Amino acid sequence: AMEDVSAKFVSQKISRTRWRPLPAAALQPPDLFATGSWDNEDNRVSIWSVGDLGNAGLNGEYHGEPHLLCDIQHNGDVMDMQFLDQERIVVASSTGTVTIFRHHQNNQTLSANHRWEKAHYHVDQDTSCGGAACTGVVCNNPEIVTVGEDGRINLFRADQKDAVRTIDNADSSTLHAVTFLRTTEILTVNSIGQLKIWDLRQQRNEPSQIFSLAGDRVPLHCVDRHPNQQHIVATGGQDGMLSIWDIRQGTMPVSLLNAHEAEMWEVHFHPSDPDHLFTCSEDGSLWHWDTSTSVSEKPSFLHQGGRSTAYLSHSTINQSVVSAWLSNDPTKDRMEITNLIPNQTLSVNSLDVLGPCLVYGTDAEAIYVNRQLFA
Amino acid sequence: NTVPPQVVPGADPSARQLCFAWGPAEVLVCETLFGRAGGSRSRCLFRSPSPSRFCGEGRAGAAARALTGSVAGTGEGAPSSPRVFVVRRDQDIYIHTLRKLFNESHGIFMGLQRSEEELAGKSRKAQLVQVSKNYRSVIRACMEDMHQAAVSTRDPALQGQYSTQVSILSAMELIWNLCEILFVEAAAAGPLLLRLLDWVRLHVCDVDSMVREVLSSESPSKHKLFWNVVDVFVLQGRMDEARHLLSKEASANPTSMNMHKILDDLMKKMPVPSLGNTQTLTELELKWQHWHEECQRYLQDGTFASNPHMESICKILLGDEDAILEKKELMTTWYHFLVTRLLYSHPTVKPLELRFYAQSSMDLFLGGESSPEPLDMILMAAFEFEMHQVIKECSIVLSNWWFVAHLTDLLDHCKLLQSHNLYFGSNMREFLLLEYASGLFSHHSLWQLGVDYFDHCPEYGRVYLELHIERIPLSTEQKALKVLRICEQRQMHEQVRSICKIMAMKALRNNRLGSALSWSIRAKDAAFATLISDRFLKDYCERGCFSDLDLIDNLGPSMLLSDRLTFLGKYREFHRLYGEQRFPEAARLLLTLMTAHIAPCSFWMTLLTDALPLLEQKEVIFSAEQTYELMRCLEDLTAGNPDKQKFQDDDVETTKVEMLRLALARNLARVIVKEGTVEGS
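Line by line, the protein sequences are chains A and B.
For any residue, its number in the working numbering is found by taking its place in the first sequence, counting from 1, and adding 1089.
For any residue, its number in the working numbering is found by taking its place in the second sequence, counting from 1, and adding 18.
The set of hints was computed from the structure by calculation and includes no laboratory data.
There may be inaccurate statements among the hints.
Cβ-to-Cβ under 7 Å is the rule here; a few derived chain B residues that face chain A [as the list claims (entries may be wrong)]: (1) E122; (2) G532; (3) L569.
Note that this is a predicted model, so its numbers are computed, not measured.
Even for Gly, the Cβ is constructed at its ideal location relative to N, Cα and C.
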C-alpha cells in the first residue's frame, strides 16, 4: 500500500539506488542504502539510513523518511553501482572511470578506496577526452566486471591495480548492462537487442552464445538472472517490453511481456522470493510482477508481521516444478501485475529489492522507500 | 541575489543605437538606423549558454526589466559607461535548496492538469482548494529545510542567504494563502473572517517567542509580559487561550474575582461566524449586536475602571480603533490590524467590502510614518480583488517565475482569468508558464521538469520545447535516449533526426560503427546509414575482413533502411556462404548483387574479383548463362569506365580485367563441356 512508502526529495536526480547487502543469517530487514546521482553539475554518491527503527509503530510500520548518513562527490554521472561487500561499493562513471568507495561506519564517512581511471575509453586511453561511459558494473567479491559504451568488457579484482582481463571491441554496439550467470560466466545486453553469454575462462574474445530479439532489434537496457534457476533470465528493452529467456534452449526469448511505455531501466528478481519481479521505467512507473500461483500457496514468511519476522533465504521452491516464468501462457491467471506508482510523470531510473523492502529513485529528484512490500 | 550582472561584450549603447528583438530562447541585439543617420548594419545574434535576457540603458532596458521582472543590474549610477547587461531569466532556479520546491510542485502541477474539469460546483472547488493547500505545504516544507540550513551553517554569509530565502518563501506563502482564501475558495461573508483569522495566526509569528516565554515561565501571571500575551490572544481572536491565561491571573487576585468573571463571560459569549450553515448571517448579526451592547454597558458603568489592562481588552472587544491601534507592536502588521478590526467591528464583512477596510487599515496603521512596501501593495491588490495586479507586482518583486506561474495556472483553473488576453499573443497563464519552463531549461539538471510545463502551453509550448530541447548537451547515450524519448513521444521528427545524427556522428568519430549504425536505424536516417555502410565497405576493402560482424550478421529487417545497408548485409552473407563452402549459393548471390543493381557500381570490380576464386574451383560453379551474365557485367563496367580515364594504377586494373576475362573464358569452356556432357548422356 502507498501509505507505507516514505519519500524524500533530495535535490539531485537519482540514477541508482542499492540496498547494502545483509550479513549472512541476518534477521533484520535492510536498514542502509546507497544512491548515485546523474546530470548534476556536482554528482554524488550518498549513503542513507531508512529511518529511525525506534519509531516503529505497533504494527511495525515506520514513518521516518530516509536520513542522509554521508556522501561524497563523484566525477561524472553515476551510471551503475553495486555493493562489493558490507563496506565497499563499486561505482561506474560516465567518464569511464570505475571507483570503489568505502563506507566507514564508525565515523559515517565515504572515501575513495580504489580507482580505475578510464577503464572504458574511445580510441585512445591517454587522450584527455577519450573516456567512454561505463554503463554497467557487477560484483562477485573480489571480482568486478564492467561494460561500457565502448563495447569493452573489463574484469577487475578489488585487490589488483590493473585489469585482470579486458575484451576490447567485445561488442560493436553499446553494452548496456551486465550480470553474472555463474561464477565464471557473465551475461551482457546491448543496443541491438542481443543477449550474450561470455565465458571468462576461455581466452578467445568471442561470446560463447548469442541470443537475439526477433524482428526489430530493439535495444536491451537491463538484465537479471533468476536467483535459483540460473537458466531463466529477464531483460528489459527500449520499448518497455519484458523478455524472459531460457538460455538452455533457442536463441529467442521464451516470452515477451508488454510492460512499460518507454525504456525499462532496471529489472530485478526478488533475491529470496523469485516469484516476484520488479521493473521500472522512463515512463515513470514501477511494476511488481507476481507469479506466486495462489494465495494459499504463498509462503507464510512473505506476510511481514512484527519486528521479529525472519527473512530467511528461500528453500521451499521445488526446483523440478516448471517455473511460472517459463510457462507458455504467462498472462493466464498466473501473473498479477501491479503498478506501484500511479500518476508519476518522470522516469524511475533505478530500484532495488531486499527482504520486504523496496527502494527506488527518480528524475523528479526523490527517493522512495517501501518497507512493507508484501503487506 | 547578488550575482554580478554579466555584460554583453561589445554592445555599447552610447556609441551605437541598439535595438532588441525577442525570440523564445534568445535575443537579437542589433544596431539600428532608426532615428539616427549613418552607422553600420552590423548584427549580432547573441546566444547565451543559458537562455537569458538582456537589458540596456534607456527604453529598451526598461522594457526588458519590466518583462523579466528581474532586478539585476541596469547599470544605474554609471552613466559614464553605458553597457548592456544580461539579466538572468530566473535567478532562484539556481538555488539548490529550492530544487525540492520545483520538483515537488511539478507533481502537483501535473495532478492539476490531469484533474477532472467535469467535477461540478462544490467538489471541484474542494479539489482546487486542496491543490492550493498542497502547493503551500511544499513552500512550507522548503521553508523549514531552509531554516534548518540557516541554523546549522556556521558561515555567516550563507546564513544570511538562507535567512533571506526563508523570508522570501514566507512572503510567498502569505500571499498565496490570501489568494487561496479570496480567489480559490472565494469564502463568503462569515467564513471569510474565520479564514482571515487563521491566515493571521499562521503568519504573524513575531510574537510566538514571547508567548512561549510567558507560558513556559513558572508563574505566567507574574511575568512582566503577561498582559502582552493576553492581548496577543485577544487580538488574534484566540479566546479560549486568552480566557485560560486570565483564569490564572484571577485565582491569584481574589479581590478582582467579579471583574474577571464578567470579562470571562463576555469573551465566552462572543458570537462568531460558523463554518456550517447552522446560523444565518442575520442571526449572527443580531446576536452580535446584543453582545456588543452588553460590552458597551460594562465599559460605561466602569466595571473595569480599576484595571486598565482589562478595560483596554473590553475596548478591543468593542472594536475601539484607538484601543486596538495602541497594541500596534503586538500586531506588527497592518493586515493583522485589519483582521482584528474586522473581527470586533464587522464580523460579517463581505468579500467586496474588504477593499475599504484594507485601505483605511493600512493608512491608519502606517500613519504616514512609513510608506507601504511591495508586499503591502501585493496584499492590498489582493484585498481589492485585483488578481492581475497581484500577479504583476509579484512578477516584479520576486526573483523567480515559480510563484506567479503556478499561482496563475491555479487561478486559471478556477476560471478566473479567462477574459484577460495579453497583447503579445498567448494569455497570461501561458506567458508565465513559458517563462518559468524556459528558466528550468536553462538549468543543468532541471530541464526535464520544463518539458511538462511546455506541454501544457497550447499556443507556443511546442515551439519553445523544440528550440530548447536542441540545446540540451548529450553527454552520454543514456541522456541522449531520455531526450530522444521526449521528442519521440511528441512526434518531433526534426529533433529526433538531429539527436540521432549527433549521436551517430559522435559514434563514428569514436570509430564505433556499430553504435553509429544503430543510431541511424533509430532515426530511420537512410542517408546516414548509407554513409556508415560505406565506411564498413571501405574498411573491408582496406583490411580484407569485416569488423563488427556481430552487428552486420544481425541486421534483420533494419537492413532495408538503405540500399547500401542491404548490400552490406547481403555481401556479408556472400562471405558467410563462401566461408561455409556453399559455393553455388554464394555464386548466385554474388551475381544477383550486380544484376539486380544492389551493389554500387564502384564495388563491381571488387565483386568480380571475389568471383575469381569461384571460377577457379575444381568443380564448375557458374552455369553458362551465369558466366555470360558475369561477362556482361565486366563489359558494362569497363565500357562505363572508358579508356580516357587513365589512372596511375591502370596497369593493375588492366591486369585484373585481363585475368577475369581469362578466368571467365576458361569457365565458359569448362561449363560448355560439362553441360554438353550432362545433356549428351
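Do the hints match the structure? See the list:
no. : hint : result
1   : E122 : 6 Å, holds
2   : G532 : 3 Å, holds
3   : L569 : 4 Å, holds
Going down the numbered hints, you'll see the structure goes against none, and every one checks out.
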